[in-house]
Amino acid sequence: MFSSFVHTILDFARSTRWVHRQLYFGRSARKKSHHPNAWNAFVHQRLNDINENLLKGERWRLPEFINAYKGTLLSHYSKLTPTQKTGYQDHWTSLCSRLGAEGFYIAIRGGVEDLSGPKLFFTEKAEKFACTVLDLEPCRMALKLESFVVSGLDSCAALMREPSHGLNKLVSKCRSIIQEGLAIVLCEKYKHKNKSKSKWMNYENYEHDIVEHHGVALVGWPDNILPVQNPSRIGSREALQPLLGALSTETCHWVKLTDDQLKKCIEDNHACQSKGEVVYKP
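Residues in the sequence shown are numbered consecutively from 562, following this note's numbering.
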């Protein structure tokens, strides 16, 4: 009977494989599911910390968050103790059970010198999607992504884009790192106080709105593009590339100012303003 049904369907230009998947919905392709791990929970917790006080529409989404800060996340994750990783594992398992969320994500090494293996998480329905629609097992998908990144094909793809896209991407990366650093330093500064821990970077009134108001500063900004300004106004890729390098290596980074350092900053700003320099903008 099944054979007769298949031949009937084939008359309408459907393959045997398609018929099989429609009938069984890929049950034969189901593999052992990948359980939540500490890495997933760690990334989720960091994302929650960043988004905690951001308004709806301003919050980071998981894929963009991982793509923008993968290097920082991997660095911080590698410093966790086994006990901390176990704690994240338990937290993530509980979260999945409570929310009933479905999805997947994959984290892989960024270069040949990194020997860590792929980290991946698939819920049951997400794994069905990968196997039946994408025709890829989760582990196979992770290996393909790792091969693409480690072999340098991602760089080749970037070179094929229009030059304007390259400039926009540099601007976006610089602004993302600056914003993430600001969110983290404010979170650390106000963690024991009932005060907002998240704030958008104000490039126009940086000295007043960020340095003087919150007592934090961005140090290590390249001398040739001082003062601190919106990366979109710097203009050229040649000037932006050193800034991105300084931000990525944390040569340029956020610091919490001491009371004496903050007092001196305020005095210097007032002195510059009195000399005619535009420090405070209306």
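Just so you know, not all the hints are guaranteed correct.
Straight-line distance between alpha carbons at most 25 Å, and here's what the computed BS3-like set of lysine-lysine pairs gives [said to hold, decoys possible]:
| hint | residue 1 | residue 2 |
| --- | --- | --- |
| 1 | Lys705 | Lys689 |
| 2 | Lys617 | Lys750 |
| 3 | Lys689 | Lys760 |
| 4 | Lys836 | Lys760 |
| 5 | Lys734 | Lys760 |
| 6 | Lys617 | Lys825 |
| 7 | Lys730 | Lys631 |
| 8 | Lys680 | Lys631 |
| 9 | Lys734 | Lys631 |
| 10 | Lys631 | Lys705 |
| 11 | Lys617 | Lys824 |
| 12 | Lys825 | Lys760 |
| 13 | Lys825 | Lys750 |
| 14 | Lys631 | Lys817 |
| 15 | Lys689 | Lys730 |
| 16 | Lys705 | Lys680 |
| 17 | Lys680 | Lys760 |
| 18 | Lys825 | Lys836 |
| 19 | Lys750 | Lys760 |
| 20 | Lys705 | Lys750 |
| 21 | Lys824 | Lys734 |
| 22 | Lys750 | Lys631 |
| 23 | Lys631 | Lys752 |
| 24 | Lys734 | Lys680 |
| 25 | Lys824 | Lys750 |
| 26 | Lys752 | Lys680 |
| 27 | Lys825 | Lys842 |
| 28 | Lys705 | Lys752 |
| 29 | Lys824 | Lys836 |
| 30 | Lys617 | Lys631 |
| 31 | Lys760 | Lys631 |
| 32 | Lys752 | Lys730 |
| 33 | Lys705 | Lys617 |
| 34 | Lys824 | Lys842 |
Simulated from the structure, these hints should not be mistaken for laboratory data.
This one's a predicted model, so the numbers in the text were calculated from it and none came from an experiment.
How the hints compare with the structure:
{"no.": "1", "hint": "Lys705 / Lys689", "verdict": "18 Å, holds"}
{"no.": "2", "hint": "Lys617 / Lys750", "verdict": "23 Å, holds"}
{"no.": "3", "hint": "Lys689 / Lys760", "verdict": "40 Å, violated"}
{"no.": "4", "hint": "Lys836 / Lys760", "verdict": "30 Å, violated"}
{"no.": "5", "hint": "Lys734 / Lys760", "verdict": "18 Å, holds"}
{"no.": "6", "hint": "Lys617 / Lys825", "verdict": "37 Å, violated"}
{"no.": "7", "hint": "Lys730 / Lys631", "verdict": "16 Å, holds"}
{"no.": "8", "hint": "Lys680 / Lys631", "verdict": "12 Å, holds"}
{"no.": "9", "hint": "Lys734 / Lys631", "verdict": "12 Å, holds"}
{"no.": "10", "hint": "Lys631 / Lys705", "verdict": "18 Å, holds"}
{"no.": "11", "hint": "Lys617 / Lys824", "verdict": "35 Å, violated"}
{"no.": "12", "hint": "Lys825 / Lys760", "verdict": "24 Å, holds"}
{"no.": "13", "hint": "Lys825 / Lys750", "verdict": "20 Å, holds"}
{"no.": "14", "hint": "Lys631 / Lys817", "verdict": "24 Å, holds"}
{"no.": "15", "hint": "Lys689 / Lys730", "verdict": "34 Å, violated"}
{"no.": "16", "hint": "Lys705 / Lys680", "verdict": "13 Å, holds"}
{"no.": "17", "hint": "Lys680 / Lys760", "verdict": "31 Å, violated"}
{"no.": "18", "hint": "Lys825 / Lys836", "verdict": "17 Å, holds"}
{"no.": "19", "hint": "Lys750 / Lys760", "verdict": "13 Å, holds"}
{"no.": "20", "hint": "Lys705 / Lys750", "verdict": "41 Å, violated"}
{"no.": "21", "hint": "Lys824 / Lys734", "verdict": "32 Å, violated"}
{"no.": "22", "hint": "Lys750 / Lys631", "verdict": "23 Å, holds"}
{"no.": "23", "hint": "Lys631 / Lys752", "verdict": "24 Å, holds"}
{"no.": "24", "hint": "Lys734 / Lys680", "verdict": "24 Å, holds"}
{"no.": "25", "hint": "Lys824 / Lys750", "verdict": "17 Å, holds"}
{"no.": "26", "hint": "Lys752 / Lys680", "verdict": "30 Å, violated"}
{"no.": "27", "hint": "Lys825 / Lys842", "verdict": "20 Å, holds"}
{"no.": "28", "hint": "Lys705 / Lys752", "verdict": "40 Å, violated"}
{"no.": "29", "hint": "Lys824 / Lys836", "verdict": "19 Å, holds"}
{"no.": "30", "hint": "Lys617 / Lys631", "verdict": "23 Å, holds"}
{"no.": "31", "hint": "Lys760 / Lys631", "verdict": "22 Å, holds"}
{"no.": "32", "hint": "Lys752 / Lys730", "verdict": "32 Å, violated"}
{"no.": "33", "hint": "Lys705 / Lys617", "verdict": "34 Å, violated"}
{"no.": "34", "hint": "Lys824 / Lys842", "verdict": "20 Å, holds"}
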